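Enquirer: Sequence:
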Amino acid sequence: MTGELLREWKRDQAALLARFDSNNDGEIDVDEWNRARDAAGKEALREQVSRQAEPPTNMLIKTGDRRQPFLVSAFPQTNLASRYRNRARFSLAGTFVALAVLLWMLSVRWV
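The numbers in the working numbering rise by one with no breaks, and the one at position 72 of the sequence shown is 72.
There may be inaccurate statements among the hints.
What follows is a list of derived Cβ distance ranges for each label pair [what the hints assert, rightly or not]:
(1) A39 to P76: 32 to 40 Å
(2) N86 to K10: 45 to 53 Å
(3) N58 to A93: 36 to 44 Å
Heads up, simulated EDC-like pairs for lysine to aspartate or glutamate below, C-alpha to C-alpha not over 20 Å straight-line [unchecked claim]:
(4) K42 to D31
(5) K10 to D31
(6) K10 to E54
(7) K62 to E32
(8) K10 to D29
(9) K42 to E32
(10) K42 to E4
(11) K10 to E43
(12) K10 to D25
(13) K10 to E47
(14) K10 to E27
(15) K42 to E54
(16) K42 to D25
(17) K10 to E32
(18) K42 to E8
These are computed hints drawn from the structure, not numbers from a lab. Keep in mind it's a predicted model, so treat the numbers as computed, not measured. Even glycine gets a Cβ: it sits at the ideal position worked out from N, Cα and C.
Work the whole structure out from these sequences, hints included.
Expert: What follows is the structure in structure tokens.
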């Protein structure tokens, strides 16, 4: 967060110089940059504390695309995909085994 804040400040060089150029030479030296980093760190910490005080916002939005299932999980998508793929394979294999047993039973009954 500190780095993001420093990058934002660096985009506006005039404001950065006005705020941290204490010797007015038009450049930010090492000491001035260290002060800027410290200030950014303190501001980032204040922002983080204020965000922690706010209640969390959880949002779930339906995509409207019927081809995409709406799954909420604590597991990564790759783990879920492999889990469902394996279940589908075992179900298909079980279907073939049950069909083979059924055909065998029918052949024993009519022979």
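Enquirer: Hints first: check each against the structure and report whether it holds.
Expert: We went through each hint and held it up to the structure:
1. A39 to P76: 32 to 40 Å: holds, 38 Å
2. N86 to K10: 45 to 53 Å: Check passed, 50 Å falls within 45 to 53 Å.
3. N58 to A93: 36 to 44 Å: Given about 39 Å between the Cβ atoms, the range holds.
4. K42 to D31: holds, 17 Å
5. K10 to D31: Cα-Cα ~16 Å, so holds.
6. K10 to E54: Distance ~29 Å between K10 and E54 Cα, so the pair is violated.
7. K62 to E32: violated, 49 Å
8. K10 to D29: holds, 14 Å
9. K42 to E32: holds, 15 Å
10. K42 to E4: With a Cα-Cα distance of about 13 Å, the restraint between K42 and E4 holds, given a limit of 20 Å.
11. K10 to E43: Holds: K10 and E43 sit about 15 Å apart, inside 20 Å.
12. K10 to D25: This hinted pair holds, its Cα atoms lying about 17 Å apart.
13. K10 to E47: holds, 19 Å
14. K10 to E27: holds, 12 Å
15. K42 to E54: At roughly 19 Å apart (the allowed maximum being 20 Å), E54 and K42 satisfy the hint.
16. K42 to D25: violated, 25 Å
17. K10 to E32: Between K10 and E32 the Cα gap is close to 13 Å, so the pair holds against 20 Å.
18. K42 to E8: holds, 15 Å
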